[in-house]
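Novice: Chains A and B are the protein sequences, given in the same order. For the first sequence, our numbering begins at 1 and goes up steadily by one. For the second sequence, our numbering begins at 1001 and goes up steadily by one.
Some hints could be false.
[Unchecked claim] No more than 30 Å apart at the CA atoms, straight line, and that leaves these computed lysine-lysine pairs for DSSO-like:
(1) 1072/B with 29/A
(2) 84/A with 224/A
(3) 1072/B with 84/A
(4) 1128/B with 72/A
(5) 410/A with 420/A
(6) 57/A with 1029/B
(7) 1029/B with 47/A
(8) 414/A with 1345/B
(9) 1345/B with 117/A
(10) 259/A with 224/A
By construction, these hints were calculated from the structure, which means they are not laboratory data.
2 protein chains.
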Amino acid sequence: MSTTTANKENISEKKKDDKKVDVKKFTLKTPKGTRDFNDKEMAVREKLISTVTKIFKKHGAVTIDTPVFELKEILSGKYGEDSKLIYDLQDQGGELSSLRYDLTVPFARFIAMNGSKYQNIKRYHIAKVYRRDQPAVAKGRMREFYQCDFDIAGVYEPMIPDSEALVVMWEILKEVDIGDFIIKLNNRKILDGMFQVCGVPEEKIRPISSAVDKLDKATWEEVKKEMVTEKGLEEEVADKIGEYVKLKGSKELVDILEKDLNFSSNLKVKEGLSEMRTLLNYLEVMGVLPSVSFDLSLARGLDYYTGVIYEAILVKSSVDTSGVGSVASGGRYDDLVGMFSGGAKIPCVGMSIGLERIFAILLKKTKPESIRATETQVYVCGIADGTLLDRMKICSELWDAGISATFQYKDKVKLGQQFKICERDQIPLAVIIGSGEIEQGVVNLKLQYEGSKQVEVDRKDMVTEIKKLLNIA
Amino acid sequence: MSTTTANKENISEKKKDDKKVDVKKFTLKTPKGTRDFNDKEMAVREKLISTVTKIFKKHGAVTIDTPVFELKEILSGKYGEDSKLIYDLQDQGGELSSLRYDLTVPFARFIAMNGSKYQNIKRYHIAKVYRRDQPAVAKGRMREFYQCDFDIAGVYEPMIPDSEALVVMWEILKEVDIGDFIIKLNNRKILDGMFQVCGVPEEKIRPISSAVDKLDKATWEEVKKEMVTEKGLEEEVADKIGEYVKLKGSKELVDILEKDLNFSSNLKVKEGLSEMRTLLNYLEVMGVLPSVSFDLSLARGLDYYTGVIYEAILVKSSVDTSGVGSVASGGRYDDLVGMFSGGAKIPCVGMSIGLERIFAILLKKTKPESIRATETQVYVCGIADGTLLDRMKICSELWDAGISATFQYKDKVKLGQQFKICERDQIPLAVIIGSGEIEQGVVNLKLQYEGSKQVEVDRKDMVTEIKKLLNIA
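Kindly produce the complete structure, drawing on both the sequences and the hints.
Specialist: Written out as structure tokens, the structure is:
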């Protein structure tokens, strides 16, 4: 992000001529942790969003929209200690509001508020959220960023919506083509049961779970140290946990764990393993099992998960993705809507695509000069002065025919300059006219690649011929 | 907007069973002046936005994105007395920021900040803005609403970009099909010159101009009264203004006004009339002149306009559009960027599409039951229990082929129920399987309209046959 301070000299110089100029000195920047996106960056972002949206729609999802800010009380008590990162609106009279921190709580509020109408909904929502976190621009951690959520609410047979959410995640990660990935899978029921089996006291289960959550970045020794030294867990208990969290695999791991009767006789573990068996079976049928790893070390930070949890990470990419972390994640949260609806439980499962992280990787993979910010197909050129009105007329005909076309905003034109614009903006076809052509009722068409020959066509056939050359219906 | 208060009874009842349930009483609503949009409303909004975007792109426009909030000092001093409507973020340490009030000031800030890189840009921006105005839900005036802007920045020959902005406005209003419209045109130079010619004192030009701006809603008598009684204008001067502001027409009005030497000898008027002549000429060439009315009563509220101004209003529609006001508007603002860049002038012309107003009209025109919120093409039905895995497998094949497909999330299914879902969601094609079909390696396809016959096809030909039936490539 560039920061420019208005040039004071210029201002005072200018001031002599024109009293109207505002002499206030501006620091031209966006607020900390926010940024602009220019035309080329937006072209990459829009293509990504359109890819993701297409896949959501392919799975029959609808979209809803909620306001950028919510009543403060709706958000409070949902994000644990991270609540301090919520942006509040100033109290200017009336209700106290805050910028949304994620899209999940507004979604839960929407479902609870609409009573029976949206108790079954498969919805996606791609929109900006706000966190007053310490920005890390290099890592792509901003205070304003997109979230991209897909959630299925409703009472269904176990693991069916969960498996479709995972298939959607898998399809998107395949399609955006940022590298090879695996999706780690676990289940909060198994985790909680595992902590019970290992002897973790009830009140320490959440803190110990959040220590386990660090295993993707830290070694077991570091995590164990945190458990024992910081969180006061007995070393023996930590060592038992250590044996389990190193386990990962696929369907066979479910078998192994079920045979471990000390483990699988725990009721939570039992329920969790049964869910995993069903889920892995469905994933196999839908062809995504090879990309999935049942991983007992996956814990996920958020408090509200109640069942299956998952997280996709890159294992190979053509660009440096170190420090990127997960590129998609989610899980089942059966109790969140109930917090709003006054107890009426609406089970939900969902996932978030890490749009900003994927965008950062795509941008690294793409040469800036290869990005087209416009979709212009035709540039209408004049050979000589005095063709402005005819170029306008031709553009107008092309626009009527649905063809994207532009022309130079001047009457005294030079052909070379216009061709340079074609090249710079990668416009594939030029229409060329001079006074001769206008008189004879013809135009010249030239595809903008090396060796392409200029062809003269009748003015009345122009649109048809252009469509043929550009291969558009 | 419905407002629901969580049922206290339910909560206490529930509390006995489950201590985890949050007993806090929520008022479930969105903040004043904001609202949710449900799936069907979003389908209408997205179609509208996609239509508008397509036309912007057809004219070679790019898009940029700016943050939802800006530094407070960037916004202050740009909106006159309406600055009191700006939403401020609470001071939580760090910079003072405010929610954006429009997209024009952030655009000017973006251009000024990027130095020479974006001195020539044709950009659109469709995004939400925020105003702490008194909401009028019935009129569609909200505190959070979309703006949809198209602007051309850069030094060009007079009236060329202005005419394209008007053509874009015209194409969009044609395409969204909300009724017959006219685009009123005027020029700030003519207005200012007119006030000079009539003898309005310099310091009263803005207040008198904003009185003229009310002529679309008030009679001349009411406006005159405001001028004379409230704003202290001499009655004789007001009467002179009254003679001019009733004038409207097309190219011939320019001729008439130029022949009025008392009027056209004013330097501002002269310049303005010359611009109007050029502009109307360009608009004629591009075929939109019949929809345009040069109207001396058009004044436009915003301070920053410096040249051509315009406003589109509906003159006929199939639904009640009374009180809707303008559905698109804009003008030239040559000095705004200079306020940020420290005097370096970057001329701009632009226009806003009244997306929220058009959306409200489209919603009135559309029967809710005719709106499809999903794009699902195929529903995969089971004749009997035990077909879940096969329905999953078939869906997965269809997804791989890019076909939008869903299935019922249960194993014990009833065909009648599944057909009802097809009907409710307007899904055009059903794939039907039972255990017999699975064994024989076939599926049944049935288009969901009265009298369509079920056809049996080989499982391996399923995708091809479905594409044929649905007419997709």
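Novice: Against the 30 Å threshold, does the CA-CA distance of residue 1128/B and residue 72/A hold or violate the hint?
Specialist: holds, 20 Å
Novice: With the threshold set at 30 Å, check whether the alpha-carbon distance from residue 259/A to residue 224/A stays at or below it.
Specialist: Distance of about 26 Å is within 30 Å: holds.
Novice: Is it true that the CA of residue 1072/B sits at most 30 Å from the CA of residue 84/A?
Specialist: holds, 22 Å
Novice: Does the alpha-carbon distance linking residue 84/A and residue 224/A stay inside the 30 Å limit?
Specialist: With Cα atoms ~28 Å apart, residue 84/A and residue 224/A stay inside 30 Å; holds.
Novice: Tell me if the straight-line CA distance from residue 414/A to residue 1345/B falls inside 30 Å.
Specialist: Holds, because 26 Å separates the two Cα atoms, which is no more than 30 Å.
Novice: Take the C-alpha atoms of residue 57/A and residue 1029/B, compute the straight-line distance between them, and say whether it is at most 30 Å.
Specialist: The given pair, whose Cα atoms are some 28 Å apart, holds under the 30 Å limit.
Novice: Are the Cα atoms of residue 1072/B and residue 29/A separated by 30 Å or less?
Specialist: Judged against 30 Å, a Cα distance of about 11 Å means the pair holds.
Novice: Residue 410/A and residue 420/A: Cα distance at most 30 Å?
Specialist: holds, 15 Å
Novice: Is the Cα-Cα distance between residue 1029/B and residue 47/A 30 Å or less?
Specialist: Distance of about 34 Å is beyond 30 Å: violated.
Novice: Between residue 1345/B and residue 117/A, does the CA-CA distance stay at or below 30 Å?
Specialist: Given that 30 Å is the threshold and the Cα spacing comes to 54 Å, the pair is violated.
In this structure, the hints that do not hold are numbers 7 and 9, in rising order.
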